[in-house]
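Colleague: Sequence:
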Amino acid sequence: MSSSTARAASDVDTKVGALIRARRRQLGFTLQQLSDASNLSVGYLSQVERDHATPTLGSLAGIARALGVGLDYFVAQPRAQDALTRAATRPNFSISGSAVSYERLATEFPGNQLSSFILTVPPGYASETVSHEGEELIYILEGSITQYLDGEAMVMTAGDSLHYRGNTPHAWSNPNDAPAKILWTGTLTIFNAGDEKTSRIELVSPDKSAVKPSRTKNKNKS
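The opening residue of the sequence shown carries number 34 in my numbering; numbering runs sequentially from there.
It should be emphasised that the hints constitute simulated quantities derived from the structure, not laboratory data. Predicted model only: the values in this text are computed from it and were never measured. Wrong hints could be hidden among the right ones.
Unchecked claim - Using C-beta positions, here's what the derived DEER-type ranges look like: (1) GLN59 / LEU170: 17 to 25 angstroms; (2) THR122 / GLU175: 38 to 46 angstroms; (3) HIS196 / THR63: 33 to 41 angstroms; (4) ALA132 / LEU60: 28 to 36 angstroms.
Cβ coordinates follow ideal geometry from the N, Cα and C atoms, glycine included.
Could you put the whole structure together from the sequences, leaning on the hints where they help?
Modeller: Put into structure tokens, the structure is as follows:
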């Protein structure tokens with residue numbers, strides 16, 4: 034039985050922060066030890082545990098790995114039965130406490146390299162800064178976001194795309210009044226393949242530093 038199904042039905046709506054804190058205490062970890070293992074700051078982890086901040090999938094994957102559980106311990110895993118995804122039955126999910134919604138496009142199997150999602154990002158949302166191995170490609174389907182890449186802020190609108198190495202510190206935000214929709218594809222494996230019970234998230238290494246853009250670049254004019 035996976036970690037997510039092992040929890041009682043009454044725990045389904047438990048906040049992510051409470052689950053992280055309970056698991057950390059179960060292991061006897063201090064916040065500093067979790068910080069060292071996940072490469073996220075103590076202050077940020079404290080905010081997450083108190084539900085004052087909601088981690089992105091990448092950061093939550095790093096926390097899950099540090100705590101020795103799969104991501105499905107925190108997020109109900111949408112099961113893709115095969116490689117064909119119909120628009121009307123596309124698996125979708127969100128992280129408790131976050132207004133960002135995810136639609137899963139890809140399936141997973143032993144040896145696969147890619148994950149792909151459509152993200153709907155509400156106005157005012159800003160992610161933390163992360164870095165990890167592998168690569169990412171984002172394509173703006175609707176609206177506009179500001180993408181931060183190694184300190185550079187790039188305004189991206191519908192039709193723009195960006196392909197970059199995951200080990201470059203990056204973050205994104207939607208400072209606008211309307212939601213944005215993003216197609217994200219990358220080599221970060223989010224969910225377990227097959228019947229594996231341990232997390233396959235091995236590449237995430239969130240950066241402790243905050244986003245500090247040095248300049249803004251409108252990608253449409255580059």
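Colleague: Any hints from earlier that this structure breaks? Give me their numbers in increasing order, please.
Modeller: Numbers 1, 2 - these are the hints that the structure violates, sorted from lowest upward.
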